[in-house]
Amino acid sequence: AQSVTQLDSQVPVFEEAPVELRCNYSSSVSVYLFWYVQYPNQGLQLLLKYLSGSTLVKGINGFEAEFNKSQTSFHLRKPSVHISDTAEYFCALSTGGGNKLTFGTGTQLKVEL
Amino acid sequence: DAGVIQSPRHEVTEMGQEVTLRCKPISGHNSLFWYRQTMMRGLELLIYFNNNVPIDDSGMPEDRFSAKMPNASFSTLKIQPSEPRDSAVYFCASSPLGTGYTGELFFGEGSRLTVL
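So the protein sequences, as listed, match chains A and B.
The numbering used here puts the first sequence at residues 1 to 113.
The numbering used here puts the second sequence at residues 1 to 116.
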């Protein structure tokens, strides 16, 4: 079985500060990894994904994530956040082959002035 | 390209009434998922279909919930009878299935259900 752990349920940060949202996973087979963002009263949008190749993945809105197989992590980072980045962020994994996506519990990012 | 389309966007009903939520997946996608999101329980997978066939319905809370996918372009999630604890946002998502399948999902905007 696979699992995704997002240890931080809430992350407050000041505008223009850097942020890291942590994601760890567990799987006995190779995985595909995703970060989704959910703005208030909206559906989930794909932020970035790791399928294979370079371990540093760049996504929309200046976010990036690094796949670390030895640490089984896929942390999301942004060097300078904006008020508009306030949202909930979900880490997810899939093993492909028609199997479902497994989501973490989400991290609420709150950017303050 | 049109995304996943859900209707209604908002539904307010009284306890005991039947509720039907609808979803049109992205054309060409042959996997469809129904999720429920609440403050208490977060994002929960209720059921998913591959090629219109239900694959895993273990997340369906109880017999009051049922889902169908009569064809590749339409799915319904029905609650009968509805209860206040069913109040939540229900999301539909779709994905392509086949060579190169990665599991990436494309979500609709959600249907916000309030049961009084």
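Calculated from the structure, these hints are not laboratory results.
Please read these numbers as outputs of a predicted model, since none were measured by experiment.
Just so you know, even glycine gets a beta-carbon here, dropped at the ideal spot from N, CA and C.
Honestly, I wouldn't trust all of these hints.
Unchecked claim - Restricting the straight-line Cα-Cα distance to at most 20 Å, the calculated cross-link-like pairs of lysine-lysine (PhoX-like) are: (1) K100(A) - K68(B); (2) K110(A) - K100(A); (3) K49(A) - K69(A); (4) K58(A) - K24(B); (5) K78(B) - K68(B); (6) K78(B) - K24(B).
What the hints assert, rightly or not - In silico contact screen, one side only, chain A against chain B (beta carbon under 7 Å); selected entries: (7) Q10; (8) P12; (9) V13; (10) F14; (11) P40; (12) L48; (13) Y50; (14) L51; (15) T55; (16) K110.
Against the structure, the hints:
1. Distance restraint check for K100(A) and K68(B): the Cα-Cα separation of roughly 18 Å lies within the 20 Å cut-off, and the hinted pair is therefore satisfied.
2. A hinted pair counts as satisfied when its Cα atoms are at most 20 Å apart, and K110(A) with K100(A) does not qualify at roughly 29 Å.
3. At most 20 Å may separate the alpha-carbon atoms for a hinted pair to count; K49(A) and K69(A) meet this at roughly 15 Å.
4. Among the hinted pairs, K58(A) with K24(B) is inconsistent with the structure: their alpha-carbon atoms are about 30 Å apart, more than 20 Å.
5. Taken as a hint, the K78(B) and K68(B) pair is honoured in the structure, with Cα atoms around 8 Å apart against an allowance of 20 Å.
6. Of the pairs offered as hints, the one joining K78(B) and K24(B) holds, with about 15 Å between alpha carbons and a cut-off of 20 Å not exceeded.
7. Taking 7 Å as the C-beta contact cut-off toward chain B, the hint placing Q10(A) at the interface is violated, the least distance being around 13 Å.
8. A least Cβ separation of about 18 Å between P12(A) and chain B goes past the 7 Å threshold, and the interface hint is therefore violated.
9. With a cut of 7 Å, the hint placing V13(A) at the interface with chain B is violated, because the nearest CB-to-CB distance is about 22 Å.
10. A distance limit of 7 Å between C-beta atoms decides the matter here; for F14(A) the minimum to chain B is near 26 Å, and the interface restraint is violated.
11. For the restraint placing P40(A) at the interface with chain B, the shortest Cβ-Cβ distance is roughly 11 Å, beyond the 7 Å limit, so the hint is violated.
12. A distance limit of 7 Å between C-beta atoms decides the matter here; for L48(A) the minimum to chain B is near 11 Å, and the interface restraint is violated.
13. At a threshold of 7 Å, the smallest CB-CB gap from Y50(A) to chain B is about 10 Å, leaving the interface hint violated.
14. This hint holds: L51(A) has a C-beta 6 Å from the nearest C-beta of chain B, less than the 7 Å allowed.
15. This hint is violated: T55(A) has a C-beta 17 Å from the nearest C-beta of chain B, more than the 7 Å allowed.
16. A least Cβ separation of about 16 Å between K110(A) and chain B goes past the 7 Å threshold, and the interface hint is therefore violated.
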